[in-house]
Amino acid sequence: MDQQEKAYKVASTASGKEDSPIVKDYYEVLNVEKDASFKEIREAFFRLKNTYNSNNQALYSLLEEDDLEESIEDINEAYAILSNAESRVNYDRELVDAKIATESQVRHDITVDMPTTKSQSIGGQRSGGTANSTWTHEQHIDLGFVKEIEGAHSFHEEVSRGKEKRGSYHDVNAGFLASPRRRYGLGNNAARKAIAPAALQTDIQEKVSELIADGDLGDGNLYKRIRQLVGVSKEEMQDHIKVSIGYIDHLEENRFDLLPQPVYVKGFLKSYLRFLGISACDHLIKAYAERLNDWIEKKSS
Amino acid sequence: METRWSTRGASGSSLKVLGTSRTAKQLQNPTSDYLHKNREAWEAGLPAHVGLDAPKDIPTFIAIGGGKGGVGKSLLSANVAAKLGQAGFKVLLVDLDLGSANLHTYFGLGMPKKSLADFILYNRSPFKDILLPTSAPGVLLAAGGKDESWSDTTDFGSGAFVGLWDAMLYAKKNFNINVVILDLGAGTHRHTIDFFCSAHMGVITVLPEPTSIENAYSFLKATMWRLIENAGMHCNSCAAADEIKDQLFNPQKARKGGSHMRKLKLLHKQYPELIDHIFYALKGRQIGFVVNQIRSQRDIDIGNSMESVSRNYFGFLTRSLGYMNYDDAAWKSLRNRRLLVLDFPHCILTKRMSEVAANMLGSLGY
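Sequence order for the protein chains is A and B.
Heads up: the first sequence begins at 5 in my numbering, then just goes up one per residue.
Heads up: the second sequence begins at 2 in my numbering, then just goes up one per residue.
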């Protein structure tokens with residue numbers, strides 16, 4: 005057999021990944037199958053967390069501090085995205101797109117059939133996952149995988165019923181794709197602390213305080229007016245505070261019957277007001293929550 | 002296959018664990034489809050002097066190394082060989098710790114009259130004559146030979162081992178030997194790494210200590226280095242192989258940070274054929290880990306961690322094969338001049354040896 009032929013036996017897609025759309029394979033990071041269940045993902049995560057730990061003797065001399073930190077970051081990020089049903093669906097969709105893009109290359113599966121052995125699970129640390137180890141640089145895609153994703157998606161839509169259209173990843177986030185967490189629709193603390201730029205202007209701040217001084221603090225309409233004054237659209241608000249447009253609507257229109265538990269509403273309102281530059285917002289939230297609680301009491305009685 | 006090699010919860014003698022499900026016929030000629038299927042991948046990483054005209058039916062090679070001295074390489078080799086022999090395999094144990102060979106002592110044998118030195122250096126004995134029967138059934142030993150005779154020829158090339166490899170590759174045909182266990186010396190000498198690269202399974206023995214772990218990784222790096230060189234030779238592109246080695250190992254040229262695997266993937270664009278060949282060669286061999294002298298669960302975990310870390314870092318097919326307890330039986334049996342698994346057949350260390358042996362067989366598809 006000549007060398008070239010041999011070479012083709014190995015998946016040649018390994019390089020493709022570094023090309024155009026750079027999508028990190030989080031499944032590879034966690035060393036799990038594409039259709040791994042949540043439980044498997046979680047187990048893999050904890051196993052890796054234990055492994056890539058600066059106290060772990062087994063890493064001595066192999067990994068530099070930077071490498072280690074990077075690995076840990078990768079693992080955390082992979083888990084954050086794959087453990088959330090919604091962000092996983094978004095991510096999977098992009099992974100498929102990226103792979104179709106690189107599919108034009110010759111592709112051969114080289115799943116290495118390691119003979120299965122009873123992996124002597126010492127102290128219950130390992131699952132059998134390593135027994136059938138697939139070669140890590142292989143890119144594997146088939147129709148079943150796509151179906152799986154469709155299935156997961158419809159499941160997800162059922163779960164988030166009532167949230168209304170949450171703006172799919174493609175149209176909403178097309179512009180800024182900096183952080184993977186944000187990219188796959190997963191909130192992070194930094195985003196919650198963001199403030200709309202206009203809210204920092206003093207004249208707008210004055211107008212906002214006037215509105216608050218005159219307005220009815222328990223009324224969602226007031227907040228709508230503040231938002232419009234600052235010049236933030238519902239879509240922008242959704243992106244930044246990671247609360248769906250549906251809830252923003254209900255909150256502003258006082259549709260208490262469609263809002264979730266008061267504790268969540270308080271959280272929503274807090275990040276909502278923060279984004280509009282109102283950091284001392286406790287009394288506003290309290291007033292709104294009182295109104296909401298009154299309505300709940302009235303309804304139950 | 003999973004249950005057949007189950008080693009957990011098995012009561013009774015370890016011999017039973019290894020042997021129960023085999024018929025007499027299977028024992029006479031055990032075969033592994035896995036090795037058969039991966040023959041070409043295995044050959045892709047061999048050094049030039051190995052397997053030039055290997056027969057179709059070759060024994061399975063298991064090399065036991067680990068970089069540091071005193072980590073239990075010989076202890077593991079001798080006892081695993083005995084365990085495999087008990088399971089019905091015909092095992093050839095080769096003492097390749099040239100210059101400080103002492104594997105014969107583990108079997109309670111004195112310095113043998115005929116040894117590898119006679120075969121390799123002086124060319125005065127045929128291979129058949131240096132195979133010594135041992136106290137363990139089914140195990141033949143090729144002793145390393147008088148120490149001083151090796152020091153005379155410290156710097157001989159790989160060519161000196163062509164004859165040895167030939168003899169070992171034909172051992173199945175000539176002597177019906179199924180498994181050849183290569184007991185390597187300490188350090189990362191060129192010959193040691195050559196033997197390690199050429200085995201179907203390379204076993205790294207480590208102690209739960211930073212020094213040993215550090216040496217284990219440098220040993221693996223040396224293995225990687227050699228595999229890249231071998232791949233370059235197979236692809237007729239040694240210059241490209243040198244460039245890749247520079248990118249991976251030369252601190253001045255290499256990119257900072259990142260695993261070897263990642264660097265290789267990045268280099269794939271530049272040298273697609275060669276990198277593919279390297280991946281192919283990596284796929285053709287397995288790296289096993291055995292942690293010796295464990296005293297706690299944390300020590301055991303080191304083997305599992307090293308398995309997953311080196312798989313991600315180097316791209317080897319890795320396996321944690323088991324562990325060996327810290328046990329007085331090890332030195333007691335040595336002082337008794339008897340092999341551990343025969344001297345203390347019921348001690349915990351013997352049980353661990355069976356587990357390691359069973360995991361090796363399972364990994365190799367037997």
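Calculated directly from the structure, the hints in this document are not laboratory data.
It is possible that part of the hints are untrue.
As the list claims (entries may be wrong) - Taking lysine to aspartate or glutamate and the DMTMM-like style, the derived pairs with C-alpha atoms no more than 25 angstroms apart in a straight line are:
id, chain 1, residue 1, chain 2, residue 2
1, B, K246, A, D39
2, A, K28, A, E44
3, B, K264, A, D253
4, B, K264, A, E69
5, B, K257, A, E32
6, A, K53, A, D101
7, B, K264, A, E90
8, A, K228, A, D253
9, B, K264, B, D243
10, B, K270, A, D71
11, A, K103, B, E44
12, A, K43, A, E68
13, B, K270, A, E32
14, B, K257, A, D29
15, B, K222, A, E74
16, A, K28, A, D39
17, B, K254, A, E37
18, B, K246, A, D253
19, A, K103, A, E77
20, B, K257, A, E294
21, B, K270, A, D253
22, B, K222, A, E73
23, B, K222, B, D130
24, A, K38, A, D70
25, A, K211, A, D261
26, B, K222, B, D344
27, B, K257, A, D253
28, B, K254, A, D70
29, B, K257, A, E44
30, B, K254, A, E69
31, B, K38, B, D300
32, B, K254, A, E73
33, A, K53, B, E274
34, B, K264, A, D70
35, B, K270, A, D101
36, B, K222, A, D70
Going down the list of hints, with the structure as the test:
Between K246 of chain B and D39 of chain A the CA atoms are separated by roughly 36 angstroms; this puts the pair beyond 25 angstroms, and the hint is violated. As the CA atoms of K28 of chain A and E44 of chain A are separated by approximately 19 angstroms, the hinted pair is consistent with the 25 angstroms bound. Simply put, K264 of chain B and D253 of chain A have alpha-carbon atoms about 50 angstroms apart, too far for the 25 angstroms limit, and the pair is violated. For a cut-off of 25 angstroms, the pair hint linking K264 of chain B to E69 of chain A stands: about 18 angstroms separates their Cα positions.
Between K257 of chain B and E32 of chain A the CA atoms are separated by roughly 22 angstroms; this keeps the pair inside 25 angstroms, and the hint holds. Distance check on the hinted pair: K53 of chain A and D101 of chain A sit about 29 angstroms apart at the alpha-carbon level, beyond 25 angstroms; violated. For the proposed pair K264 of chain B and E90 of chain A, the alpha carbon gap of about 33 angstroms is over 25 angstroms, so the pair is violated. Proximity of K228 of chain A to D253 of chain A is assessed by CA-CA distance (about 9 angstroms); at most 25 angstroms being required, the pair is judged to hold.
Of the pairs offered as hints, the one joining K264 of chain B and D243 of chain B holds, with about 14 angstroms between alpha carbons and a cut-off of 25 angstroms not exceeded. Distance check on the hinted pair: K270 of chain B and D71 of chain A sit about 23 angstroms apart at the alpha-carbon level, within 25 angstroms; holds. This hinted pair does not check out: K103 of chain A and E44 of chain B have alpha carbons roughly 32 angstroms apart, beyond 25 angstroms. Only pairs whose Cα atoms come within 25 angstroms are accepted, and K43 of chain A paired with E68 of chain A is rejected, the gap being roughly 31 angstroms.
For the suggested pair K270 of chain B and E32 of chain A, the alpha carbons sit about 20 angstroms apart, so the restraint of at most 25 angstroms is met. For the proposed pair K257 of chain B and D29 of chain A, the alpha carbon gap of about 22 angstroms is at most 25 angstroms, so the pair holds. Between K222 of chain B and E74 of chain A, the direct Cα distance comes to roughly 21 angstroms. Compliance with the 25 angstroms bound is thereby established for this hinted pair. Distance restraint check for K28 of chain A and D39 of chain A: the Cα-Cα separation of roughly 17 angstroms lies within the 25 angstroms cut-off, and the hinted pair is therefore satisfied.
A hinted pair counts as satisfied when its Cα atoms are at most 25 angstroms apart, and K254 of chain B with E37 of chain A does not qualify at roughly 35 angstroms. A hinted pair counts as satisfied when its Cα atoms are at most 25 angstroms apart, and K246 of chain B with D253 of chain A does not qualify at roughly 60 angstroms. With a C-alpha separation of about 24 angstroms, the suggested pairing of K103 of chain A with E77 of chain A holds against the 25 angstroms cut-off. Restraint check for K257 of chain B and E294 of chain A: the C-alpha separation of about 58 angstroms exceeds 25 angstroms, so the hint is violated.
Simply put, K270 of chain B and D253 of chain A have alpha-carbon atoms about 51 angstroms apart, too far for the 25 angstroms limit, and the pair is violated. Proposed proximity of K222 of chain B and E73 of chain A is supported: the alpha carbons are some 22 angstroms apart, at most 25 angstroms. Of the supplied pair hints, the one linking K222 of chain B and D130 of chain B is violated, its CA atoms being roughly 36 angstroms apart against a limit of 25 angstroms. For the hint pairing K38 of chain A with D70 of chain A, the CA-to-CA distance comes to about 28 angstroms; that exceeds 25 angstroms, so the pair is violated.
For the hint pairing K211 of chain A with D261 of chain A, the CA-to-CA distance comes to about 31 angstroms; that exceeds 25 angstroms, so the pair is violated. Pair hint K222 of chain B plus D344 of chain B does not hold up; C-alpha atoms about 37 angstroms apart against a cutoff of 25 angstroms. Annotation: proposed proximity of K257 of chain B to D253 of chain A is violated, straight-line Cα distance about 50 angstroms (limit 25 angstroms). With a CA separation close to 18 angstroms, the supplied pair K254 of chain B and D70 of chain A stays within the 25 angstroms bound.
Taking the CA atoms of K257 of chain B and E44 of chain A, the gap is near 33 angstroms; set against the 25 angstroms cutoff, the hint is violated. For a cut-off of 25 angstroms, the pair hint linking K254 of chain B to E69 of chain A stands: about 20 angstroms separates their Cα positions. Between K38 of chain B and D300 of chain B the CA atoms are separated by roughly 35 angstroms; this puts the pair beyond 25 angstroms, and the hint is violated. Between K254 of chain B and E73 of chain A the CA atoms are separated by roughly 23 angstroms; this keeps the pair inside 25 angstroms, and the hint holds.
Proximity of K53 of chain A to E274 of chain B is assessed by CA-CA distance (about 35 angstroms); at most 25 angstroms being required, the pair is judged violated. About 16 angstroms separates the Cα atoms of K264 of chain B and D70 of chain A, which keeps this hinted pair within 25 angstroms; it holds. Distance check on the hinted pair: K270 of chain B and D101 of chain A sit about 21 angstroms apart at the alpha-carbon level, within 25 angstroms; holds. The straight-line distance between the Cα atoms of K222 of chain B and D70 of chain A is roughly 19 angstroms, inside the 25 angstroms bound, and the hint therefore holds.
Comparing the model with each numbered hint stated earlier shows that hints 1, 3, 6, 7, 11, 12, 17, 18, 20, 21, 23, 24, 25, 26, 27, 29, 31, 33 do not hold.
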